[in-house]
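S.K.: Sequence:
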Amino acid sequence: MWEKLGIAIALILVIEGIMPFLNPTGWRKTLRTVSEMDDKTLRMIGLSSMTFGVILLYLIH
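Position one of the sequence shown corresponds to residue 394 (my numbering), numbered consecutively onward.
Don't read these hints as lab results, they were simulated from the structure.
Any given hint might turn out to be false.
[Claimed, not checked] With beta-carbon atoms standing in for the labels, derived distance ranges:
1. Ile438 to Phe414: 19 to 25 Å
2. Met430 to Gly410: 18 to 24 Å
3. Trp395 to Glu429: 15 to 21 Å
Here a beta-carbon is modelled for each residue, glycine too, at the ideal position from N, C-alpha and C.
Given only the sequences and the hints, what does the whole structure look like? Please build it.
M.R.: And the structure:
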């Protein structure tokens, strides 16, 4: 189990690092836009992301 968790965290880091590596200017603009969003919008984005992740895990497993 710990090995799979480590693999999942490593993959998250790789995926998260793709945008700042390939397009640092666009990544900076995206972060600026996200930082200006209100809390409700950010919470809905987070909820949608978690829901999609759970559904995807269910379908894969």
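S.K.: All hints are to be evaluated individually against the structure, with a verdict given for each.
M.R.: Cross-check of the supplied hints:
Take Ile438 and Phe414: their Cβ atoms lie about 23 Å apart, and the range 19 to 25 Å holds. Under the hint 18 to 24 Å, the C-beta atoms of Met430 and Gly410, about 23 Å apart, fit the expected range. Checked against the given bound of 15 to 21 Å, the beta carbons of Trp395 and Glu429, roughly 38 Å apart, lie outside it.
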